[in-house]
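A.B. asks: Add 16 to a position in the sequence shown, counting from 1, and you land on the number used in my numbering.
Among these hints, one or two may not hold up.
Cut-off 30 angstroms, straight-line C-alpha distance, at most; resulting in silico cross-link-like pairs (DSS-like, lysine-lysine) [as the list claims (entries may be wrong)]: (1) K105 - K182; (2) K110 - K18; (3) K110 - K182; (4) K32 - K18; (5) K32 - K110; (6) K105 - K32.
No lab work stands behind these hints: they were computed from the structure.
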Amino acid sequence: MKPSDVEFLLTASRLKRLHRVGWLMSVGADESVASHMWGTALAALLLVNESEHAHDVNIARVLLMAILHDLPEAILSDIPHDRIPADLKTRLEKQVFTELVARLDQQGQLSEAWRELTEGRTVEARTVLAADVIDMVVQALFFERAGVRPEALHEFFTSGLARVRKTGIQAAIDLFELLYQEHMNRHQPSSQVPDEQES
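Using the sequences and the hints, build the whole thing.
C.D. replies: Here it is in structure tokens:
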């Protein structure tokens with residue numbers, strides 16, 4: 017181990033204290049970015065186990081991408097999707113990620129995992145992208161059960177639907193529908209999963 021490893025860990029540990037802005041702005045509740053990254057990894061693990069092709073999925077690769085997926089926020093902070101253009105956000109995240117891992121012995125492995133995730137073409141990457149959304153709506157339900165009005169959280173479900181469908185991960189789509197039904201049962205018991213036009 018080298019001093020650069022210590023600095024990397026200390027920088028990444030900022031994520032334990034960095035709050036996700038979307039929750040603060042929408043409902044005044046908080047969740048750390050590190051907590052979300054853990055939730056994403058856990059959801060990804062479940063999705064792999066539920067996949068009809070589970071034996072073909074590299075679960076170590078899935079978990080690696082899950083624990084890296086928001087790492088640039090240790091420097092950039094949590095930037096809401098609607099605050100800057102998506103292409104600029106992607107470029108900034110790539111630049112920061114590259115700088116964060118530049119002095120690590122595992123730089124090549126980590127950079128390759130990041131590239132795979134951002135391209136989103138492999139089943140492993142798409143599983144993590146789906147799990148990212150699943151954890152968001154799980155957190156929304158957690159807030160609902162803690163007393164936050166469902167109406168204040170509805171946008172997180174409608175915005176997440178298209179993102180989950182885009183991954184093509186059927187286990188994630190099925191799980192999203194279950195989570196959405198619980199959300200809707202709190203104020204509209206007869207509602208169905210929203211149409212894509214609503215997202």
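A.B. asks: State for each hint whether it applies.
C.D. replies: Results for each hint:
With a C-alpha separation of about 20 angstroms, the suggested pairing of K105 with K182 holds against the 30 angstroms cut-off. A hinted pair counts as satisfied when its Cα atoms are at most 30 angstroms apart, and K110 with K18 qualifies at roughly 24 angstroms. About 22 angstroms separates the Cα atoms of K110 and K182, which keeps this hinted pair within 30 angstroms; it holds. Proximity of K32 to K18 is assessed by CA-CA distance (about 23 angstroms); at most 30 angstroms being required, the pair is judged to hold.
Restraint check: the Cα-Cα separation between K32 and K110 comes to about 21 angstroms, which is no more than 30 angstroms; the hinted pair holds. At roughly 21 angstroms between alpha-carbon atoms, K105 and K32 fall within 30 angstroms of each other, so this suggested pair holds.
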